[in-house]
Amino acid sequence: MNAADARARARFESIHLLVRDPLARFLARRVPVDEVEDLFAETMLVIWRRLPDVPEEAEVIWALGVARRVVANHRRGVSRLRRLVERVGLAEPRPSSVQPFGSDPALASAMACLSSTEAEILRLSVWEDLAPREIALALGISANAASIRLLRAKEHLREILSTAERKSRGDAGHLGVVERKEAR
Amino acid sequence: MMDAIDRRLRAADPLAGGEGGIPTPARLDAISEAIMDQELERAPRGPLTLARSLLIAGALLIAVPTAILAAAYIQSETPNGVNDTSGYQAEVAAAKSVTAIPPGATWPPHLTATPADVGSYGTGAGKQSVEMAAYCMWLGDWYTAHESGNAAEQATATKALEGSRNWTTFTDPTTTDEEFRAAHQRAIDAAVAGDASGVLHELPLCEGTWSVTK
Numbered sequence: 011m012n013a014a015d016a017r018a019r020a021r022f023e024s025i026h027l028l029v030r031d032p033l034a035r036f037l038a039r040r041v042p043v044d045e046v047e048d049l050f051a052e053t054m055l056v057i058w059r060r061l062p063d064v065p066e067e068a069e070v071i072w073a074l075g076v077a078r079r080v081v082a083n084h085r086r087g088v089s090r091l092r093r094l095v096e097r098v099g100l101a102e103p104r105p106s107s108v109q110p111f112g113s114d115p116a117l118a119s120a121m122a123c124l125s126s127t128e129a130e131i132l133r134l135s136v137w138e139d140l141a142p143r144e145i146a147l148a149l150g151i152s153a154n155a156a157s158i159r160l161l162r163a164k165e166h167l168r169e170i171l172s173t174a175e176r177k178s179r180g181d182a183g184h185l186g187v188v189e190r191k192e193a194r
Numbered sequence: 021m022m023d024a025i026d027r028r029l030r031a032a033d034p035l036a037g038g039e040g041g042i043p044t045p046a047r048l049d050a051i052s053e054a055i056m057d058q059e060l061e062r063a064p065r066g067p068l069t070l071a072r073s074l075l076i077a078g079a080l081l082i083a084v085p086t087a088i089l090a091a092a093y094i095q096s097e098t099p100n101g102v103n104d105t106s107g108y109q110a111e112v113a114a115a116k117s118v119t120a121i122p123p124g125a126t127w128p129p130h131l132t133a134t135p136a137d138v139g140s141y142g143t144g145a146g147k148q149s150v151e152m153a154a155y156c157m158w159l160g161d162w163y164t165a166h167e168s169g170n171a172a173e174q175a176t177a178t179k180a181l182e183g184s185r186n187w188t189t190f191t192d193p194t195t196t197d198e199e200f201r202a203a204h205q206r207a208i209d210a211a212v213a214g215d216a217s218g219v220l221h222e223l224p225l226c227e228g229t230w231s232v233t234k
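First to last, the sequence lines map onto chains A and B. For the first sequence, the working numbering assigns the number 11 to the initial residue and increments by one for each residue that follows. For the second sequence, the working numbering assigns the number 21 to the initial residue and increments by one for each residue that follows.
One chain only, chain B, in its complex shape:
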């Protein structure tokens, strides 16, 4: 059912007064046609020529040893190293044991590595996943408490969020980028100030896998 906000937004639709600015269907058809022609033209076709085969073979001679060396380097020499599934799960379990979440909340199911993911986790990813999930749960908990007027729960969540300022996920520049850390700080500042719209503004950071599971 359409409410007043819907009606007001619909009235402000740039196309509400007509669709004069839209290119004609014939022009749009021509664009897609041109894309197909261009892309099919670019695509390699037919048997490989000798010259192309030699070029590819030469490239492989360089690329394969480089990839093997790079893989060996990544496995042994990256700043953080790589974890297998059991290493990741051990890290997750250790982080869960020292990271509080809101009363009644449960850890999201994605915090379990599957056999297919062996070798795909950087060291620290388990702890990061746990801390990120916990932070998002506390942020959601804060907002829910605020909306329901539960001052005690809101205070608990505020304290937990303030504590998250010191979590590795939000202090280590190799773990998160500057923009991410700034959003984290803004959310906590808003929570401390009791600014619900500020907290709500930062909630999108917690979308998808980090959604609140309480």
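This is chain A alone, in the form it adopts within the complex:
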């Protein structure tokens, strides 16, 4: 092994140790369990090929930014494949990603109403515990923009949830009246 290869190997190994666990958790939150290893490998391959670009002291965030694009590409590929499979009637469609809000369907519906960037900002903030400046690095936007958009995403989510809850209470009240009428 020549000196350059040894240097690349050492740098990659140190990055691997830093990003391994947060990257695996990031992927496990976004794709089915059986796809985590493949997407981990794809992300690490990008990191290897772009070693000189990986910023010192920000390896994890940079890796999450790469993983985010890898997951997005993967979803597009799966979606195209699923459409093709459905069109030719080869198989039943299967879910393309994890259903993380199973315990909170109202939150799942509300998150689905957000733009993909808004939803991702919230996930990065709460699930990955990233600060706005780290979210900015992962998304390739300014720290100021990340702060503003995080705030707006929360406001937007809060608004959608409260509208849905008001509607749900209204519907329940209406149904209650109908039930009482029928009981008479």
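In case anyone wonders, no lab produced these hints; they're calculated from the structure. Only a predicted model underlies this, so the values are computations on that prediction, with no experimental measurement involved. Even glycine gets a Cβ: it sits at the ideal position worked out from N, Cα and C. Any given hint might turn out to be false.
As the list claims (entries may be wrong) - Here are some of the chain B residues that sit facing chain A, going by a computed Cβ distance under 7 Å:
id: 1; residue: Asp-26
id: 2; residue: Asp-33
id: 3; residue: Ile-51
id: 4; residue: Ser-52
id: 5; residue: Ser-117
id: 6; residue: Ile-121
id: 7; residue: Arg-206
Go by the hints and put chain B onto chain A.
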């Protein structure tokens, strides 16, 4: 500080109940190890063999004249041509003079070409940059006006946004793709309908260099 939304999102974290689905560290280590081995194996090493040298020389014999011809073609025959720095700046200045922006807003600093960028601008890029920046400023202005209940400012912004439907950036298929133009139309439709969440939904198109500078 964690608020109710944070707590609710955290409770919905797929890993909140445990990390059982994550591959073991040993498997992940093996994956990275395999990547390194594979990539180092693929990388060319040692002095060039005669055969490889001949192949590269042959490829260069074809590639270099092709690149020169292609560059000459691009400089002279592309549908829009190429601008140098001064051409770009002249285009930006001309577009700024006829493109309104919200009261109190300023043009973003990226609308200035640097000497290092000479030759890298397609004709039309200056006008496109100005129109895109102005559109984003009006969209941000509309949202701010709506949030603050300033009906007059919101009406002005709506009118400006409706006017942007006719800007070259959003009508010329060679300038923007279909998805981009559709997002632009949706944002304006939302603004005209007074739909703040619809406008907010399209604001990400204006992220990065197009961010609102007011």
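Status of each hint after checking the structure:
Interface restraint check for Asp-26/B: the shortest CB-CB distance to chain A comes to about 5 Å, inside 7 Å, so the restraint holds. About 5 Å separates the beta-carbon of Asp-33/B from the nearest beta-carbon of chain A, less than 7 Å, and the hint is met. At about 5 Å, the closest approach between the beta carbon of Ile-51/B and any beta carbon in chain A falls short of 7 Å, and the interface hint on this residue holds. With a cut of 7 Å, the hint placing Ser-52/B at the interface with chain A holds, because the nearest CB-to-CB distance is about 4 Å.
Contact between Ser-117/B and chain A, as hinted, is not supported at the beta carbon level, the nearest pair being about 28 Å apart and thus beyond 7 Å. Checking Ile-121/B against chain A by beta carbon gives a least distance of about 19 Å; that is not within 7 Å, so the hint is violated. At about 12 Å, the closest approach between the beta carbon of Arg-206/B and any beta carbon in chain A exceeds 7 Å, and the interface hint on this residue is violated.
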